[in-house]
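Enquirer: Sequence:
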Amino acid sequence: ETCYVLINMMEGVIERGTGWNAKIGRPAAGKTGTTNDFIDAWFIGFTPDLVTAVYIGNDDRKPLGNKMTGGVVAAPIWAKFMKNALENNEKKDFLQPDKITKISVCKESGLLPTDSCPEVLTVTFVKGSEPISYCTVHQKYFEIPKTEEYPEIKKPYYEEIEEIKEKYEEKPIETEEKEEETLQSLINKLREKYKKKDE
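Each residue of the sequence shown is one higher than the one before, starting from 1 at the first, in our numbering.
In case anyone wonders, no lab produced these hints; they're calculated from the structure.
Some clues are possibly wrong.
Unchecked claim - Derived BS3-like pairs: lysine-lysine, alpha-carbon spacing no greater than 30 Å straight-line:
hint : residue 1 : residue 2
1    : Lys83     : Lys67
2    : Lys80     : Lys31
3    : Lys102    : Lys92
4    : Lys62     : Lys80
5    : Lys80     : Lys99
6    : Lys67     : Lys92
7    : Lys127    : Lys91
8    : Lys23     : Lys107
Stated by the list, open to error - Beta-carbon label-pair distances, calculated as ranges:
hint : residue 1 : residue 2 : range
9    : Lys127    : Glu15     : 38 to 46 Å
10   : Ser104    : Asp59     : 42 to 50 Å
11   : Asn89     : Asp37     : 19 to 27 Å
12   : Thr35     : Pro76     : 25 to 33 Å
13   : Tyr134    : Gly65     : 24 to 32 Å
All residues carry an ideal CB built from backbone N, CA and C; glycine is no exception.
Could you build the full structure based on these sequences and the hints that come with them?
Expert: Spelled out as C-alpha cells, the structure:
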C-alpha cells in the first residue's frame, strides 16, 4: 500500500508538477532532479512495464545554463524514448491494492473539499488514513453590516461565531439594557413629578 501511495505521488509529478514534459499518454510516474548551479539534470520515470533514467550534464562539470532543469531538458528525452519503447505495448495502469482508497481533497489544505475550495484533487490514501474533516482554509464568509461602532467584519465560520458573540451580542445587549434602565428611570421620575403635582 505504501508503495502504491508513493507511485501515485510520483504520477502527480508528471500530471501537474515539474515533470509535465514527461507525459506520454499512458500511466507513468517519475521525478525530476537538478543540482546546484544547473550542473546536472535528471529525470527518472517508470510505467508498469519499464523504468528509464535520463541524465544530462557536461564532462567538465560546466553548468548547463540558467533554468536548465531536469523537467526542462531531461524529461522530454525520457518521454520520447518511452513513447517509442512502449509503442507496441498495451496501456496498463499500476495495480491498486485492496486497502487503498482514492478521495477528493482540497489542493491547498489536503482536507475534504468544501464548495469554496477553488482546486480539488483526487488523492490516494491507505484506508483509515484519509482525512475526515473539511477544509478550514476555504470557507464561506458571513457578512455583517457596518455600523459606526463596528467596522465591516468578514471571518470564516469558525471565527465569526466568536466575533459575533463578542461584538454583536454581548455589547449591544448590555447597551440596550442600560438604555432601558435609563428610560425606565426617566419614566419613573416623570410619574413621581406629576403625581406630586396632582397631590
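Enquirer: Hint by hint, say whether it matches the structure.
Expert: Tested hints:
1. Between Lys83 and Lys67 the CA atoms are separated by roughly 25 Å; this keeps the pair inside 30 Å, and the hint holds.
2. At most 30 Å may separate the alpha-carbon atoms for a hinted pair to count; Lys80 and Lys31 meet this at roughly 16 Å.
3. For the hint linking Lys102 to Lys92, the alpha-carbon distance of about 18 Å falls within 30 Å, and the restraint holds.
4. Our distance criterion of 30 Å between C-alpha atoms is met by Lys62 and Lys80, whose separation comes to about 26 Å.
5. Taken as a hint, the Lys80 and Lys99 pair is broken in the structure, with Cα atoms around 35 Å apart against an allowance of 30 Å.
6. For the hint linking Lys67 to Lys92, the alpha-carbon distance of about 33 Å lies beyond 30 Å, and the restraint is violated.
7. Taking the CA atoms of Lys127 and Lys91, the gap is near 27 Å; set against the 30 Å cutoff, the hint holds.
8. Under the criterion of a C-alpha separation no larger than 30 Å, the hint pairing Lys23 with Lys107 is consistent with the structure, at around 21 Å.
9. A hinted range of 38 to 46 Å is violated for the C-beta pair Lys127 and Glu15, which are about 23 Å apart.
10. The supplied range of 42 to 50 Å is met by Ser104 and Asp59, whose beta-carbon atoms lie about 48 Å from each other.
11. Between Asn89 and Asp37 the Cβ separation comes to about 38 Å, which falls outside the hinted range of 19 to 27 Å.
12. Hint check: Thr35 to Pro76, Cβ distance near 19 Å, so the stated range 25 to 33 Å is violated.
13. The hinted range of 24 to 32 Å is not satisfied by Tyr134 and Gly65, whose Cβ atoms lie roughly 46 Å apart.
Hint compliance for this structure: hints 5, 6, 9, 11, 12 and 13 are broken, all remaining hints hold.
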